[in-house]
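Enquirer: Letter by letter, the chains look like this.
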Amino acid sequence: GQQLNQSPQSMFIQEGEDVSMNCTSSSIFNTWLWYKQEPGEGPVLLIALYKAGELTSNGRLTAQFGITRKDSFLNISASIPSDVGIYFCAGHRNSGNTPLVFGKGTRLSVIA
Amino acid sequence: DAGITQSPRHKVTETGTPVTLRCHQTENHRYMYWYRQDPGHGLRLIHYSYGVKDTDKGEVSDGYSVSRSKTEDFLLTLESATSSQTSVYFCAIRLTDTDTQYFGPGTRLTVL
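Those protein sequence lines, which keep their order, are chains P and E. All residue numbers for the first sequence refer to this note's numbering, where the first residue is 1 and numbers rise by one. All residue numbers for the second sequence refer to this note's numbering, where the first residue is 1 and numbers rise by one.
FYI, nobody ran anything at the bench for these hints, they're computed from the structure. Some hints here could point you the wrong way.
Here are the in silico distance ranges between beta carbons for each label pair [claimed, not checked]:
(1) I28(P) to G16(E): 28 to 36 Å
(2) R108(E) to T62(P): 31 to 39 Å
(3) E41(P) to T71(E): 24 to 32 Å
(4) S57(P) to K70(E): 33 to 41 Å
(5) T77(E) to E38(P): 41 to 49 Å
(6) R108(E) to S82(P): 18 to 26 Å
(7) T71(E) to S82(P): 15 to 23 Å
Derived SDA-like pairs (lysine to any residue); straight-line CA-CA distance at most 20 Å [said to hold, decoys possible]:
(8) K53(E) to T98(P)
(9) K104(P) to E59(E)
(10) K104(P) to H10(E)
(11) K104(P) to R44(E)
(12) K70(P) to Q14(P)
(13) K11(E) to P39(P)
(14) K104(P) to G3(E)
(15) K104(P) to T86(E)
(16) K104(P) to K11(E)
(17) K104(P) to Y50(E)
(18) K51(P) to T86(E)
(19) K57(E) to K51(P)
(20) K104(P) to K53(E)
(21) K70(P) to T86(E)
(22) K57(E) to R44(E)
(23) K11(E) to T110(E)
(24) K104(P) to F12(P)
(25) K51(P) to D38(E)
(26) K51(P) to T5(E)
(27) K51(P) to R44(E)
(28) K104(P) to G42(E)
(29) K104(P) to Q3(P)
(30) K51(P) to E72(E)
(31) K70(P) to P39(E)
Cβ coordinates follow ideal geometry from the N, Cα and C atoms, glycine included.
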């Protein structure tokens with residue numbers, strides 16, 4: 001099945017640094033979602049984007065719905081140790097019953 | 001957590017035995033999903049439901065069946081478990097008026 005191209009696959013950063021990750025597709029999406037997953041838990045929704053060009057923040061996290069509707073970006077500012085986890089993007093192409101499409105995730109490690 | 005629970009949370013079983021995983025939600029959501037998560041593959045959709053007795057296949061449905069006889073419960077059955085079905089299984093619900101999905105805590109299944 002189709003998956004989103006999410007990059008980078010993994011990141012090692014120093015505490016306090018900013019982080020950027022992105023998701024791209026060859027298809028247009030109507031919705032972009034960003035999730036975080038910690039070990040032993042289910043993915044937790046961070047940000048939902050519904051309009052091309054939309055920029056939405058959730059604390060130190062900011063996500064953008066790309067103008068072309070084929071990509072989305074997630075930025076984390078001033079990273080802290082509890083930011084460690086796997087970040088997933090997901091997109092929805094159509095309304096109705098069409099399932100979400102997921103990226104394979106970006107594994108973030110923060111070095112104190 | 002959108003009122004989602006999964007049971008059991010952990011299960012070890014033997015090849016060839018039937019296994020049923022349960023997803024229960026308390027908020028009357030119409031859409032429910034079963035995913036499996038494996039290293040290197042991310043989240044893959046097994047089956048989903050868009051109402052009582054209304055289900056459809058996802059990208060990795062072989063070897064799995066589902067049932068939804070009432071709104072709050074979505075059951076995933078492995079008729080004859082195989083070692084390749086060792087995985088972490090997540091249930092999710094989707095809010096009716098958006099594309100936003102929320103995940104349950106997961107079930108770790110080991111097939112020996």
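Enquirer: Is it true that the CA of K51(P) sits at most 20 Å from the CA of E72(E)?
Expert: Answer violated: K51(P) to E72(E) is near 31 Å, above 20 Å.
Enquirer: With the threshold set at 20 Å, check whether the alpha-carbon distance from K53(E) to T98(P) stays at or below it.
Expert: Satisfied, since the Cα-Cα distance of roughly 17 Å is no more than 20 Å.
Enquirer: Taking only the CA atoms, is the gap from K104(P) to K11(E) under or equal to 20 Å?
Expert: Distance of about 25 Å is beyond 20 Å: violated.
Enquirer: Are the Cα positions of K104(P) and T86(E) separated by 20 Å at most?
Expert: Measuring from Cα to Cα gives roughly 19 Å; hence the hint holds.
Enquirer: Could you tell me whether the CB distance from R108(E) to S82(P) stays inside 18 to 26 Å?
Expert: holds, 23 Å
Enquirer: Between T71(E) and S82(P), does the beta-carbon spacing fit 15 to 23 Å?
Expert: violated, 36 Å
Enquirer: Lying within 41 to 49 Å: is that true of the beta-carbon distance T77(E) to E38(P)?
Expert: violated, 29 Å
Enquirer: Could you grab the alpha-carbon distance between K104(P) and E59(E) and see if it respects the 20 Å cut-off?
Expert: The given pair, whose Cα atoms are some 15 Å apart, holds under the 20 Å limit.
Enquirer: Is K51(P) within 20 Å of R44(E), Cα to Cα?
Expert: Status violated; Cα separation ~25 Å.
Enquirer: Run the distance test for K104(P) versus Y50(E): straight-line Cα separation, threshold 20 Å.
Expert: Given that 20 Å is the threshold and the Cα spacing comes to 25 Å, the pair is violated.
Enquirer: Taking only the CA atoms, is the gap from K11(E) to P39(P) under or equal to 20 Å?
Expert: holds, 18 Å
Enquirer: Going straight from one Cα to the other, do K51(P) and D38(E) come out at no more than 20 Å?
Expert: violated, 31 Å
Hint violations for this structure: numbers 1, 5, 7, 10, 12, 14, 16, 17, 18, 19, 20, 21, 25, 26, 27, 30, 31, all remaining hints satisfied.
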